[in-house]
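Residue numbers (my numbering), protein chains in the order written: chain V, 2 to 606; chain C, 5 to 606.
Keep in mind the hints are simulated off the structure, nothing from the lab.
Check each hint, because a few of them may be wrong.
Some chain C residues judged to face chain V by a derived CB distance under 8 Å, without partners named [stated by the list, open to error]:
1) R100
2) Q172
3) V284
4) G290
Lysine-lysine pairs mimicking DSS-like chemistry, simulated, CA-CA at most 27 Å apart [to be verified]:
5) K202/V - K257/V
6) K257/V - K216/V
7) K202/V - K216/V
8) K560/C - K29/V
9) K560/C - K467/C
10) K117/V - K246/C
Backbone N, C-alpha and C fix where the C-beta goes; we use that ideal spot for every residue, glycine too.
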Amino acid sequence: MTAILEPETRVGSGEDLGAIETIRRGIKHSPELVEGIRGTMALAVLASVGQVVVPVVVQQTLDNGLSGTGGPDLGYVLRAGLIALVAIAVTGWASFMMTSRLFTAAERGLSTLRTKAFRHVHDLPMLTQSTEHRGALVSRVTSDVDQVSQFIVFGGLLFIVSIGQMLIATVVMVVYSWQLAILVWLCFGPLFLSLRFFQRKLSAAYTLSRRQVAKMLSAVSEPVVGAAVVKAYAVEDRTQERIDREIHATSAAQIKAQAYTSVFFSLGGLSGGLANAGVIVGGVSLALAYRGTGGELSVGEILAFAFLVTLFVGPVQMGTQILTDAQNAIASWRRTIGILDTPADLVDPGPSGVVLPRGPLSIEFDAVTFAYPGGRPVLHDISFEIAPGRRVAVVGETGSGKSTIAKLLTRVMDITHGQVRLDGVDVREVGNVSLRTSVVLVPQEGFLFDSTLAENVRYGRLSATDEEIVEAARVLGLGDWLAGLPDGVRTNVGQRGESLSAGERQLVALLRAQLADPDLLVLDEATSAVDPRLEMRINRALERLMSGRTSVTIAHRLSTAEAADEVLVIDAGRLAQRGPHADLVAQAGSTYARLHSSWVAQQGS
Amino acid sequence: MSDEDPTPQRATTTDGFKVLGVAIRREWAVFTLSALGSALFGALTVADAWVLGWSTDHVLVPALRDGEIGAGWLWAVVGLFVGVAILRAVGVVARRLGAGVMQYRMQAHSRRAVTRQYLALPLAWHHRHPTGQLLSNANSDVEASWAPIAPLPMAVGTLAMMVIAIGQMFWTDVVLASVAILVFPAVVVANLVFQHFSSPLMTRAQQLRAELSGIAHESFDGALVVKTLGREPEETTRFRDKAQELRDVNIRAGRIRAAFDPILASLPNVGVLAVLAVGVGRVSSGAAAPGDVVQIAFLLTIVAFPIRSFGWLLGEFPRSVVGYRRVQRVLNATGRLTYGKARTSRETTGARLRVDGISYAYADGPTLLDGVDFEVEPGRTVAIVGETASGKSTLTMLLARLVDPEKGRITLDGTDLRDLDAGEWARVAALVPQTAFVFDDSVRGNVTLGADVTDDEVWSALKAAQADGFVTALPNGLDTTLGERGASLSGGQRQRLALARALVRRPRLLILDDATSAVDPEVEQRILAALRSSASSGELRDGANDTSLVVVAYRKATIALADEVVHLEGGRVLDRGTHTELLARDESYARLVNAYETPEVV
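Kindly generate the complete structure, drawing on both the sequences and the hints.
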């Protein structure tokens, strides 16, 4: 299915969220982030005060205790040193408490966020899920969240502490001399003004570099994943050229981003040098201007001021570094929030949901029309009824819309117009648990999880014991197959079930459906050819699985249609014919007769 | 040589330096530049203090004492401070940019080398290694190898700065310097203790991240199963449990970090206080001047912080060494297909292929093919039929010369395939493998693979493969980019595209390894009809005669098209003949191909 989809059915990228809005929304989704934030902030203030006070006290001790008017003063040094030690201890304690609390809050909040986002992916309609690469969805709940957590714990609060430190240094500077304080801020002015410019440049450079890395990794995977094709067609040179081009473009993009970062980072030190010169020149000028008024600055005060400038430069440099990291973190946060912002339009009716009675279900399609968003209708005004316990096959050419019927019946997508009723109840009004218990889909390719066969079958019924699984296999005529597996039900099926053949994976899917014990079985017949002997087994198991239930099979082989009680023929989204195989085949010139004759021809001699 | 994981060797610090040595030799100019930048930065950090001292002595003190100062002196102050700051900024840029250039270039070098090796090594080698491992060799292993380059220049600069600072301290006052340098081992010990507590947690967190990602990957892959069986709550619990385990490990690692960061940050201050306490005594006794104490305290503060860059450097070593070894294992792998000098005739008739007693086995694995013989006459179709694992796919690989037989030979018009020049065989034969591979390229690029082919020819190949319909419907037709591995196409569409890729080359031999398995049977029927009619009429190759065709198939309709059927069982040819002949005399063949049509409905 390659329908070009409207933006609203895609998984949200969150790209239109501003930075502040992203943080606000992020906190809303992870309330743990701001739990006890007041205490953490108080500790942060204490820690930032300490960051300024400790060096000042050390500096004072050095100045007054050693070069004071009365010569070296051991008593003063010891007293001041003790104060400094206490200040160091208090700062250290505050910083420890602050960081631990921050780690706890961030990790708790983000673990909640990723779990929510993970669940939301499963709640999205099938159609929306398919608009995004699996790998990209995975990274939105894994590495993207890691990025945010790294940033919050290493950058976020450090950023606040840095700003606090800058403010405290400013306050102390103002106390010494407001004129010089203004002068220092003026020296840093160009840096602060250029922040937005650099932020934009950095953001663009990092986005480009990230995209380029993805393209490069895709190119690098070609000689591995496509090894057979590359070698069989002797296109090694062309493949290498493509790879080299992407590798080159990648390092160019990465180096460009690094160049911006380096220049940006160097600006803090540059402003610091300017500020130092300003303090000496300005301090001298002020001292000369106010000479004799009693309000002039002393040598010691000017030097103390120069020292405060260094306390100011540190956090500015830290801040620019953090802003760089912030670009990546905010982008990651956006992507995760983007998932949660995508509407999950298959809404569970909740407690008011109808519980379907057990026993074979009746099906009614009442004037059903379905269109993919932004596309032409795939199904037009389809109406039919199926009595409980009937075995129905749906046939039609590729693209006729027959698979869509399976998706609507199992409600992995919702219809545009009309109603789909099970046992007389609109599927949208059936409670999710009841719907999933009563209706089971066996998809074209039986997906298996990397676990034992038994664990996979239990997706059908969680409480099933190994004995029940063996019994279910016996019922489906798969007892000897199961017994022939190396570890029976405990056999490990490998990643995506790769230790089993395609046909065996289908058998596991049937076993899973048998344990789920549905009242309506919807089968999307596998198209891929498997070993004929296994095919036989599959058919026998299917036969037994369908007995005693209503079943709808999306048939790709007319032999399946032949065996059904009734056949629905879909042609270009409309119900063209319905009835038993024998009747339909007899209607000369009909869609079914045409399909049948081409199938007969295909079976060959 | 076994290229599987050797017994895990410990990654020593020496090994880490050896890996760095490789990078330094390869990019010595960039390294020198960034190391000089870092040293410049260090020297100028010290110079900054010197400028402040000079300004105090020559400008500040005289100005405030005399009540006046010449403007020239003030300009000198500005010039010195700004000059030092600019040079220092140059140092920062050189250091950081240099580290980046060196790191990214080394990554590029490694990736180029690894992919060249992937392209050169035979398919048999590829089969011995899991795809995921080869991809991570080219990706995360390369990244890990060169990760220590980032903090390298900083560490080199710090080392220079330390040597200078320690020298200066001892020059100033031996006793005070001895007290001051106690801070260095204290920092190192604190770092070691920190590593000791935190690195097991870091390793555990890394492992949990991989597991979490595995759960998400699998769960999203199986989304349809999860949704239709209503297993969202169980899947969420599975994910949440792992996420919480990761959370708890991260919090524990965070606490350790929270404890060590303030300790490391306070060590220089404590050191300064110690210098001061001892300094007061020495100044009182006249052994040292107050300026000496101030200078040593200052030197201590500026060197103590960057010392941690050694920690960052050494911390990257274990991952780097492991990654480097994995990459080296690929680069050192041996084995090449050898080529002769023979050219193929420029004839346009179908290929005449003789398969002469070929056997093949995986290295120390089971025998897959054992003495297989058959011929393909020009323009004829041969079907290979057999149960799963009977050796059919292996046979197509040998026919396409992706691997060479251990015994026996395959000849084209009498010439052994191994005697053909490189690239010659690919001009004659086209293989369409079972799983269609789609390049991250346009539709056109995927069909032509860079060959000089007109759009008309591309369209007629697409048409023969029944792919023209869906390609026309793509937003940009032939120019539509298909994305990584053609994720936007269905399995059947990918297969049809792969078929068009083979057809556009007008091969003299076409090898289809169950290449239409995901295509709807009716569409498959049309493809085969088109192939057959165009093969016999010569349309497929523009007026040339008959393409020879080898088809691996399950479906009877496909098999029925063949002039001859080769029935494989357990890697041996059980029987050869027409479909009708085999049906009549080969019992297991009849059972195999008839199983489809006569399901034993019980």
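Each hint tested on the structure:
1. R100: holds, 4 Å
2. Q172: The hint is violated - Q172/C has no Cβ within 8 Å of chain V, the shortest such distance being about 18 Å.
3. V284: At about 5 Å, which falls below the 8 Å cut-off, the nearest Cβ of chain V leaves the hint on V284/C intact, so it holds.
4. G290: violated, 10 Å
5. K202/V - K257/V: Between K202/V and K257/V the Cα gap is close to 10 Å, so the pair holds against 27 Å.
6. K257/V - K216/V: holds, 17 Å
7. K202/V - K216/V: It holds: about 21 Å lies between the C-alpha atoms, which stays within 27 Å.
8. K560/C - K29/V: Violated - the C-alpha atoms of K29/V and K560/C are around 61 Å apart, more than 27 Å.
9. K560/C - K467/C: holds, 24 Å
10. K117/V - K246/C: Holds, at roughly 14 Å.
In this structure, the hints that do not hold are numbers 2, 4, 8, in rising order.
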